[in-house]
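Below are the chains, spelled out letter by letter.
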Amino acid sequence: MLVELRGLGKRFPVARDILRRPTRWLLAVDDVNLDVHRGETLGLIGESGCGKSTLARLILALVPSTSGSAVVDGIRFPGASREEMRRFRRRVQIIFQDPFGSLDPRMKVEEIITEGLSHERLRRAERRERAKRLLELVELPVTALGRYPHEFSGGQRQRISIARALAPRPILIVADEPVSALDVSVQGTILNLLVTLQRELSLTCIFISHDISVVRHVADRIAVMHLGQIVEIGDSAEILRRPLHPYTQALLSSVPRFNYAPLPPRGEART
Amino acid sequence: MSVEQVVHVPSGHEPARRLREALTLLFANKLASIGALLAAAFVVVGVAGSVIVLVPGLDHLYTDQNLRAALLPPLAPDHVLGTDHLGRDLAWRVVTGSGISLMFGVAVTAISMAIGMVVGSIAGYYGGIADRLLSGAIDFTWGFPVILLAVVLGGMLSPGLLVVGIAVASVTWAGFARMIRAEAISLHEKEFVEAARALGVSGPRIIVRHLLPNMLGSTLVLGTYYVAAAIIVEASLSFIGLGAQPPMPSLGQLIATGRNFLSVDPWVAVVPGTAMALIVLGLNTFGDGLRDVFDPRLRRW
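Chain order of the listed sequences is W and H. In this text, residue positions in the first sequence follow the numbering used here: the first is 1, and each later residue adds one. In this text, residue positions in the second sequence follow the numbering used here: the first is 1, and each later residue adds one.
In isolation and in its complexed conformation, chain W is listed as follows (with noise of 0.2 Å):
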């Protein structure tokens, strides 16, 4: 098991008395008990606003928690030693959402995707090489080395953000919403990027969005997030199909019935 979490849950200070403390909370993350197989990918869909973005910064450790406990990689939080929390920042990596938001306006690609791998001590000439191949990897030319984030469009912003995350050789990736900013267009292409690369480098993926749609291409097992709670878990295509909670049946019924056409396989190119 990759990833366990018993009870986990955040809350955060919505209104404060006159000395600080706080009188009223909110519930973001609530008691929530999750699995994740090395390996698999695991969509988790839910509404905005139900707490999956501060499910997967609690899985990142880039919050605390404010109840229960996180198992990550054998990582235990809240708990882990500093060389323990060096060690899982290379091993566990985020995809955001905001291709804009997410890349520093001020740094050259090279600079922003070789990033996680200032531990290594590399050399120049080292840094650049493994920064082509992360490039190559993610499909982008690589004169984008020496480029400006904001001279890329929305799904090459998100393939620099893809080998900043690659960078350090994660096992876990979590991915926030990746593609809900881009144009369907473009939308396909970077999911089919994902899972080629969730293979070919045998990682385990969380895959988080509010699109039904997007989520049922790529992941193994679905987990329907409400409230701050998982309401449901089960495999993909078991879900889908017969939904056993109200609001998983409530989502699955509010999506347009759709269908992506199959995804080709690697090295073919779509006209």
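None of these hints come from the bench; they were simulated from the model. From a predicted model like this one, the values you see are computed outputs, not experimental measurements. Don't be surprised by glycine CBs; every beta carbon is placed ideally from N, CA and C.
Here are the simulated distance ranges between beta carbons: (1) Thr66/W - Gly136/H: 23 to 31 Å; (2) Asn260/H - Leu19/W: 55 to 63 Å; (3) Leu58/H - His150/W: 45 to 53 Å; (4) Gly136/H - Glu238/W: 53 to 61 Å.
Pulled a few chain W residues facing chain H out of the computed Cβ check, cut under 10 Å: (5) Arg57; (6) Ala61; (7) Met85; (8) Arg86; (9) Ile94; (10) Ser102.
Please arrange chain H on chain W, whose structure you already have, making use of the hints.
Relative to chain W, chain H alone:
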């Protein structure tokens, strides 16, 4: 596998292209370009003045006295801007004074900017208890009257540019810190900062690599206003005798000297006064233009 079309931006040396774009934007604003030219002119004058002050053997230009040619109006032979009550050439004194005032303004601003960057970015990035302590210090400092501080320091030490500089810097850093803190808070929410944290980049490194470069533009804009403000404060303090000490001619000191001869020969005060007004005007309009260039709503880099 489908391959997304790669959009190629017209090639060209990237920094050079950016500089061109920035200059185009700056000069699109008429007022700003006048300010920039004015500021540029005074930078030239200021550098000349600084050279005169710093290079030994050139001080005769602004200290040579000639009592027979005292209080000459502008356009007198040999003295374009006239002379003061000791017959010293006003043009050279204004050039030197501009140099001293600008050096003072830039140095004081640089120091307070550096302090403000450290304090503001730590408070804004780390938040929590560090933020509350530092914010308290910022608010406390920002409420402190500069002039009073300079008077007290001047009384304790000997009056002069150094004391005024210390007084000004020890208050204005809070102005920078306050703005930088606000910027750091908003940048901290940005996903590229979260991504850096997920990559295990340390806090100080994130501040240096991600926060500071992204707030450099607005900080420089604020800096241009603060240079102007520092020059004015120095002038005010010179006026009450706390600033640059004679014979060192800062602009404020020149105006203060001229005050004694206002009824006889107003030029002695008007000439350096005009120079200072133009410097401040130039710096402020240049700052406005810079703000337009750096404004993220106008462009994205």
